[in-house]
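Participant: Sequences are here, hints too, so could you generate the full structure?
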Amino acid sequence: MTIVVAYKWAPNPQDAAVGSDGSVDFSRAKSAISEYDPVAFELARQVADATGAEVVGVTVGDASIDTSLARKAALSRGLDRLVIVADDRLAGADSTRLAAVLAAVVRGIGDVDLVLAGESSVDVTEGQVAMTLAGQLGWLGLNAVSSVSATDGGYAIERDVPSGTASMVLTGPAVLAATTDAVLSRVPGMKDILGAAKKPVEVLSLDMLDVSSAQVTLTAVSASRPAAGNRQRVIIDGSDPTAAAAELVGALRAAKVL
Amino acid sequence: MNVSSQTWIVVADDPAVTALVVAARALSAEVTAVVAGRRATAESVAAAGVDRVLWLGEPAEGTPVEAYAPDVARTVADGAPRAVLGSSDGAGRVMLGAIAALLQAPVLSGVIAVEHDGDQIGVTRSVFGGVAERRDLVTGGPAIIALAGGDVGDPSGAAVPVEEVTANPLTTGRLTGVRKKEKAPVNLGAARTVVAVGRGLKAKADLALITGLADAIGGELACSRPLAEGVDWIPKERNVGISGQQIAPELYVAIGISGQLQHMVGVRDAGVIVAVNSDKAALIFKQCDYGIVGDLYTVVPALTAALAPKP
Chain A
1 MTIVVAYKWA
11 PNPQDAAVGS
21 DGSVDFSRAK
31 SAISEYDPVA
41 FELARQVADA
51 TGAEVVGVTV
61 GDASIDTSLA
71 RKAALSRGLD
81 RLVIVADDRL
91 AGADSTRLAA
101 VLAAVVRGIG
111 DVDLVLAGES
121 SVDVTEGQVA
131 MTLAGQLGWL
141 GLNAVSSVSA
151 TDGGYAIERD
161 VPSGTASMVL
171 TGPAVLAATT
181 DAVLSRVPGM
191 KDILGAAKKP
201 VEVLSLDMLD
211 VSSAQVTLTA
221 VSASRPAAGN
231 RQRVIIDGSD
241 PTAAAAELVG
251 ALRAAKVL
Chain B
1001 MNVSSQTWIV
1011 VADDPAVTAL
1021 VVAARALSAE
1031 VTAVVAGRRA
1041 TAESVAAAGV
1051 DRVLWLGEPA
1061 EGTPVEAYAP
1071 DVARTVADGA
1081 PRAVLGSSDG
1091 AGRVMLGAIA
1101 ALLQAPVLSG
1111 VIAVEHDGDQ
1121 IGVTRSVFGG
1131 VAERRDLVTG
1141 GPAIIALAGG
1151 DVGDPSGAAV
1161 PVEEVTANPL
1171 TTGRLTGVRK
1181 KEKAPVNLGA
1191 ARTVVAVGRG
1201 LKAKADLALI
1211 TGLADAIGGE
1221 LACSRPLAEG
1231 VDWIPKERNV
1241 GISGQQIAPE
1251 LYVAIGISGQ
1261 LQHMVGVRDA
1271 GVIVAVNSDK
1281 AALIFKQCDY
1291 GIVGDLYTVV
1301 PALTAALAPK
1311 P
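Residue numbers (the numbering used here), protein chains in the order written: chain A, 1 to 258; chain B, 1001 to 1311.
There could be a bad hint or two in this list.
[What the hints assert, rightly or not] Each computed DSBU-like pair below joins lysine-lysine, with the alpha-carbon atoms no more than 35 angstroms apart:
1) B/K1204 / A/K256
2) B/K1280 / B/K1181
3) B/K1280 / B/K1236
4) A/K191 / B/K1202
5) A/K30 / B/K1280
6) A/K256 / B/K1180
7) A/K72 / B/K1236
[Claimed, not checked] So the derived list for chain B, only partly shown, Cβ under 8 angstroms to chain A, looks like this:
8) P1106
9) R1238
10) C1288
Hints are computed from structural coordinates only; laboratory data are not their basis.
Note that the structure is predicted; figures quoted are calculated from it, not measured.
The beta carbon of each residue, even a glycine, is placed where N, CA and C say it ideally should be.
Facilitator: What follows is the structure, given as structure tokens:
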């Protein structure tokens, strides 16, 4: 059996330059394994160690996601091998397009019974791709998964639900998005990083994949910087804490929020 | 694809739908709801001001609502609506994902406004975690929109009949039990005032300082991600940000929080934001209404004292 870790190599929007026209420039932001994904690698490794399954990392995006640094960063996190689709036609692709390409890769790998992902990407922050992937594959999609373990003929999982923790058994393929604290992710050591260089990487051509074409498209009309940036920014020196506190409380009372 | 002028909402066994109904009504005169989950949920939705309810039948014991996602998608595709609205919570995402996959259309998240633009639908949304906003026209098929669900005001309109639709839910996952939380769930979203603390706090024992201020100001305690997940000092349901709650209190007090985007996204809609941080270059001072540059260990007790009733 094979467990797929669907992850993203992405920059943090915190480091993007946002123009007054709302343009977002990521060219000076460094990419990394998206902040919410390491937990998916760790869960996959732990389950595979118990079952003997193979762990395959899958990532899709524009050409910039396939670098030696990006390959090593993923392979040093417990993958057995890596499959990449890196094509500039996927630059800025929406969640459904990315999910369609991921689905084509998962189908091509075959023998996959579990896809693990983080709960959101660090850049787009929508938390949608994994669940659309479940839709593409026709598999059960579940969010907020806090633990996964192998059982006879399937998996036992736990999920965070509003009333507490729900237990489930899975007897067929599923796409699971893990909570950020499902497991503590190991930081790759020197041995992992050196070992990463020897692991196989397969680069697939987008043209070779059976990806259904988008029916609905978005036409950009306008962009802007969010108005939420326009806060008052009244800064008070706190070197005299009592005076600062009095000034703040006075201002909050005047603003009628106290 | 030939689309009707209808708006549909999809419901994943959550009876709190008035926010979705209000948003759907703003787009079209006729609103149809597709409900996966218990009959009681469908009955409740039927009385929430919609014109038609299609219910996928009573789930067998142990069937998770997510198992109905393929049925929801087929039902929606058959109706060919102009817009589809669903909740942006966990199960809502699964339903919208299945619809998006079937119709090959993107799910639009972070939505600020949706309106007709001629015979198209225009959607304004916040992108990349909120650093920018974009307005797009949706062409070629339905606009699939994820919104914060929940109830806004009371449902209105006469109850409509619940029409049952045949469904074949996935049988690959079965619920076996729920371990209830020991404490009552925290409702940060309903709090008028929230006092949050971040990595500036040096020790768990010092939390008393923050809870003291929260009590004095009459607010709920919250935190940024490191305190809920890194060190586990504060229960996770009090975590504010991308990986936690998105809230809009009238007053948000952020103590020892640097102001990373992933946190601030959770309070973008707060009325007034106050920051206390010892680093005058902290990002949060660019995103607050009032900021005190100072040591939280001296500023917070002073604030608590300043808020105390005068003798």
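Participant: Each of the hints needs a verdict: does it hold here or not?
Facilitator: Hint-by-hint comparison with the structure:
no., hint, in the structure
1, B/K1204 / A/K256, "32 angstroms, holds"
2, B/K1280 / B/K1181, "40 angstroms, violated"
3, B/K1280 / B/K1236, "28 angstroms, holds"
4, A/K191 / B/K1202, "34 angstroms, holds"
5, A/K30 / B/K1280, "25 angstroms, holds"
6, A/K256 / B/K1180, "39 angstroms, violated"
7, A/K72 / B/K1236, "32 angstroms, holds"
8, P1106, "4 angstroms, holds"
9, R1238, "14 angstroms, violated"
10, C1288, "6 angstroms, holds"
Taken one by one, the earlier hints fail for this structure at numbers 2, 6, 9, listed in ascending order.
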